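Chains as they are written, first to last, in this note's numbering: chain L, 1 to 351; chain W, 1 to 368.
Any given hint might turn out to be false.
Below 20 Å or equal to it, Euclidean Cα-Cα: the simulated DMTMM-like pairs (lysine to aspartate or glutamate) are [as the list claims (entries may be wrong)]:
hint : chain 1 : residue 1 : chain 2 : residue 2
1    : L       : K94       : L       : E119
2    : W       : K317      : W       : E343
3    : L       : K88       : W       : E84
4    : L       : K92       : W       : E343
5    : W       : K328      : W       : E339
6    : L       : K38       : L       : D171
7    : L       : K182      : L       : D142
8    : L       : K94       : W       : E84
9    : W       : K140      : W       : D169
10   : W       : K334      : W       : E365
11   : L       : K37       : W       : E84
12   : W       : K26       : W       : E84
13   : W       : K334      : W       : E357
14   : L       : K94       : W       : D169
15   : L       : K181      : L       : E163
16   : L       : K38       : W       : E74
17   : W       : K27       : W       : D169
18   : W       : K362      : W       : E289
19   : L       : K38       : W       : E84
20   : L       : K331      : L       : E299
21   : W       : K325      : W       : E314
From the derived model, a few chain L residues whose C-beta atoms are all more than 10 Å from chain W [unchecked claim]:
hint : residue
22   : N10
23   : T63
24   : Q175
25   : S180
Hints in this document: simulated from the structure, not taken from any laboratory. All figures in this text were calculated on a predicted structure; none of them were measured in a lab. Don't be surprised by glycine CBs; every beta carbon is placed ideally from N, CA and C.
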Amino acid sequence: MIFSSWFANNYTMIIVALGAMLLGFASGLLGVFNILKKQALVGDALSHATLPGVVIAFLLTNTRNMVTLLIGASLSALVAMFLINIIKHYSKIKSDASLALILSSFFGFGQVLILLAQERGNAAAGLKSFIFGQAATMLKQDVLMIAYLTIFILLITLLFWKEFKLYIFNDEFFQSLGFSKKITNAMLTFLTILIVVIGIRTVGVILMSALLIIPGVAARQWSNKLSINGIIAGFVGMISGLLGAVISSQKTNLPTGPVIVIVLSILVIVSLLFAPKRGIISKSIKQHKHQKDINKYQELISVFYNPSKDIQLSNDNFLLMENYLIIDGRKNIHITEKGKNKLHQILGGEH
Amino acid sequence: MVLSIFLIAALSAMSSAIVGIFLVLKKMSMLTDAISHTVLLGIIIAFVLTKSLTSPLLIIGATVVGVLTVYLIELLIKSKKTSEDAATGVIFPLLFSISVILISLNFRNVHIDVDAVLLGQLELADQDNILINGINFGQKSLYIMLLVFIINLIFFLVFYKELKISSFDAGLAFVLGISPLLIHYMLITLVSLTAVAAFNAVGSILVIALMIGPAITALLLTNNLFKSVILAMAIGVFNSFVGYFLAVTTDLRISGMISMVTLIVFLIVLFFNPKNGVIAKLFLKKHQETEFTLLVLIMHIFTHTSNNDLKEVELTKISKELNWKESKTFTYIKKGIEENYLEKHGLFIFLTPKGNEYHNLKINEFKN
Chain L
1 MIFSSWFANN YTMIIVALGA MLLGFASGLL GVFNILKKQA LVGDALSHAT LPGVVIAFLL
61 TNTRNMVTLL IGASLSALVA MFLINIIKHY SKIKSDASLA LILSSFFGFG QVLILLAQER
121 GNAAAGLKSF IFGQAATMLK QDVLMIAYLT IFILLITLLF WKEFKLYIFN DEFFQSLGFS
181 KKITNAMLTF LTILIVVIGI RTVGVILMSA LLIIPGVAAR QWSNKLSING IIAGFVGMIS
241 GLLGAVISSQ KTNLPTGPVI VIVLSILVIV SLLFAPKRGI ISKSIKQHKH QKDINKYQEL
301 ISVFYNPSKD IQLSNDNFLL MENYLIIDGR KNIHITEKGK NKLHQILGGE H
Chain W
1 MVLSIFLIAA LSAMSSAIVG IFLVLKKMSM LTDAISHTVL LGIIIAFVLT KSLTSPLLII
61 GATVVGVLTV YLIELLIKSK KTSEDAATGV IFPLLFSISV ILISLNFRNV HIDVDAVLLG
121 QLELADQDNI LINGINFGQK SLYIMLLVFI INLIFFLVFY KELKISSFDA GLAFVLGISP
181 LLIHYMLITL VSLTAVAAFN AVGSILVIAL MIGPAITALL LTNNLFKSVI LAMAIGVFNS
241 FVGYFLAVTT DLRISGMISM VTLIVFLIVL FFNPKNGVIA KLFLKKHQET EFTLLVLIMH
301 IFTHTSNNDL KEVELTKISK ELNWKESKTF TYIKKGIEEN YLEKHGLFIF LTPKGNEYHN
361 LKINEFKN
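Same shape as in the complex, but just chain L (with noise of 0.2 Å):
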C-alpha cells in the first residue's frame, strides 16, 4: 500500500528515471563504438542537424505528433550524414570541419523554420523543447518508444557483435573477409541517428552528445576488453540517467539534461582518477612505488649491469643479507636467483 501511494506520489519522476536510463543505457552502448572509430562528435552533429527536419514535419503536417517529428529528424539527419560523407569523398576538408559547418548551418536553418513555425501561433512552442530537451514531460508512450529502441539497439549490437568488433579495431581484414565497410558504417550510423533522434527529446539537441560520449570515455577506463567497455559504458549511462532524473525531480526549475551530464561528468571523472590501471592515481601510485624500489635496489641493478665493475659492498648490506647478492671467495659480488626474479620484477619486461 505505502509502496502503492509512493508510486502514484512519483509517477512522473519514475517514468522520467525510466526513459533516462533506458536512453542512458543504449547511447552508452553505441558510443563506445562511436568513440573507438574515432567519430565521438559525429552525434554531437547529428543531433544539431536534427533541427531543421523536426520543424518541417511541423510545417508540413501541422501537428506535434512524436513519431512524425521523428521522422522528420531522422531525415534530416540522414541528409546531414550524407553532406559529411560527400565532402569527406570529394574534397581534403577535413571531417572535423566538415561536421562544425554542417552542424551550425542546419541549427541555423532550423531557427529560421521556426520562426516560420511561430507565425502558426502556439502549437510551434513545443518544438524548442528540442533544443533544450524536456524530460520532465515525458510520458509513458515516450518510455516505451525508447524501450523498444533500446531491445532493438542492444539485439542489432549482439547479433553483429563480430563485425562491428572488426570492423573498428581491423576494417582492412574486416574487408578482406568478405564483409561491406559501407554496411557496416551505414548501420553504426543508423543506429546513431535512432538514438539521437529519440534522445534529443529527452536531454536536447546540445547535452545528447554527452551521453554518447562520455560513458564511453568512462568505460575505456576500466578494461581493454570491448564487451566489458560496452557493459560498463551501458551502466554508467544508466546510473547517470536515473540519479539525473531523481536529483532533478528535488527541485523545481532543475533541468533533467544538464544535471544527467553532471552526473555523468562526475562518473568520469572518477574513472579518470581512480581506475585500478589506467586511472591517475594508481598510475602515479605505481610510478612513485617503482622509483622507490629502483632506488633501494640500485647496487643490485649495477651489478647485474656492469658484472666487471668493482662495487663496494658493507657486510651489512641488506642486498646481502636476503640473499639477493652474494660473494664468493675472491670477493667477486654475484647475483643470486632470488636477486634475478627481484630485478625482473622491477625491470618489467626488460630482461
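Here the structure of chain L is known, so what remains is to put chain W in place on it, guided by the hints.
Chain W only, in chain L's frame:
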C-alpha cells in the same frame, strides 16, 4: 540604422574568418563548437561578480572560460586517456550544463536567455547604443566587433610567419625558436574573444558557421595560405550580405539565414569549382574511363592484327574476348571509327595508321 546591422555581421564574419583558417588547418574546428557553448559560463560568472550585463568584464570572463575549455580538453588529450574528439565531447557538455543549471536556478528573471545566447539577436543590436551626454555614438556591438577585427587583423599580419610555420610544422617552428604553444594559445584566446564578441550579435551557433564555413570554402579554392585568409574574409562578407538581404526580404532571423547561406555557398563551390569540384571530378572520371576503355579495345586489336590472328578481330568475337557486353563493344567501335582510330573491313576491325600511332604513343607513355 540597417547598414550598421550588416556592418556588425560583416565584421563578425571577417574577424571569424581570420582565426577560422588556422583552426581548420590545425584540425581544431570542433573546438569552436566547444568554445561557443562554454563561454556562457564565463558570462554568468562575470555577471554574478559584477551584477551588470553590460560590463566589459563579461567579455573578459567569457574569453577566459573559452581558453580554459581548450586547456582542459588538451589536458585530457595529453593524459592519453581518450581521443581528441572524445575529449572535446567530455569537457564542453559539463561546462555548458553547469551554466544551464545556474541560469535556470538563479537568473530566471534576468536577461540571460539561453536561447538568445545560442542564436543571437542581430536584429536587436541597434537598440543597444552608446550614449554619452545624450549624444548617440552608434551601436555598442559595432564598436566591439570593430575592435576585435582590428586585434585579429594585427595578430594575423604581425604573426603571419609564426602562424604559418606552427600550423604546418610545429616541430620546425620549435627548432626555429618560435614557441608553437605560445602561438597556439594566442590563437585560442583570439578565437575565444571573437566567439564572445560575435555571439552577442550573431549567437554562438552562427559563430561556428562564420569561423569554419568561409575558411573551408576558401581552402577549396586556393592552396596559398595568405590568399585563403583574404578569400575567406571576402566570402564571409559575401555570405553575410546575402544572408542579411534574404532575412530582411523574408522577415526571418538574420543569424540563421547567414549560416544557411554559408553552407549553400560552400556546397556550390564544392560541386561546381572547375578545378577540383565534385562535378569536375565526375566528368574527369567519366572521360578517363572512356579513354581507357577505347585504349583497351585498340590494344586488343593491335595485338591480334600484328599476330595475323584475324579471327580474333571479328566484330562478334571481340565482345567475347574482352568479356564486354555487345552494346558496349559496338559503342566503342563506333567511337573508334568516328575518331579515325579504327576501320571496318567487312566483319573485321583494323587499326588505321592514326590508330597505330595512338597505340604506340600510349604504350610509350605507360613504359615511361
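Evaluation of the provided hints:
no.: 1; hint: L/K94 with L/E119; result: 39 Å, violated
no.: 2; hint: W/K317 with W/E343; result: 16 Å, holds
no.: 3; hint: L/K88 with W/E84; result: 19 Å, holds
no.: 4; hint: L/K92 with W/E343; result: 44 Å, violated
no.: 5; hint: W/K328 with W/E339; result: 17 Å, holds
no.: 6; hint: L/K38 with L/D171; result: 13 Å, holds
no.: 7; hint: L/K182 with L/D142; result: 32 Å, violated
no.: 8; hint: L/K94 with W/E84; result: 14 Å, holds
no.: 9; hint: W/K140 with W/D169; result: 40 Å, violated
no.: 10; hint: W/K334 with W/E365; result: 25 Å, violated
no.: 11; hint: L/K37 with W/E84; result: 12 Å, holds
no.: 12; hint: W/K26 with W/E84; result: 13 Å, holds
no.: 13; hint: W/K334 with W/E357; result: 19 Å, holds
no.: 14; hint: L/K94 with W/D169; result: 17 Å, holds
no.: 15; hint: L/K181 with L/E163; result: 10 Å, holds
no.: 16; hint: L/K38 with W/E74; result: 16 Å, holds
no.: 17; hint: W/K27 with W/D169; result: 13 Å, holds
no.: 18; hint: W/K362 with W/E289; result: 15 Å, holds
no.: 19; hint: L/K38 with W/E84; result: 8 Å, holds
no.: 20; hint: L/K331 with L/E299; result: 16 Å, holds
no.: 21; hint: W/K325 with W/E314; result: 15 Å, holds
no.: 22; hint: N10; result: 21 Å, holds
no.: 23; hint: T63; result: 23 Å, holds
no.: 24; hint: Q175; result: 22 Å, holds
no.: 25; hint: S180; result: 22 Å, holds
The structure is inconsistent with the numbered hints 1, 4, 7, 9 and 10, although it conforms to all the rest.
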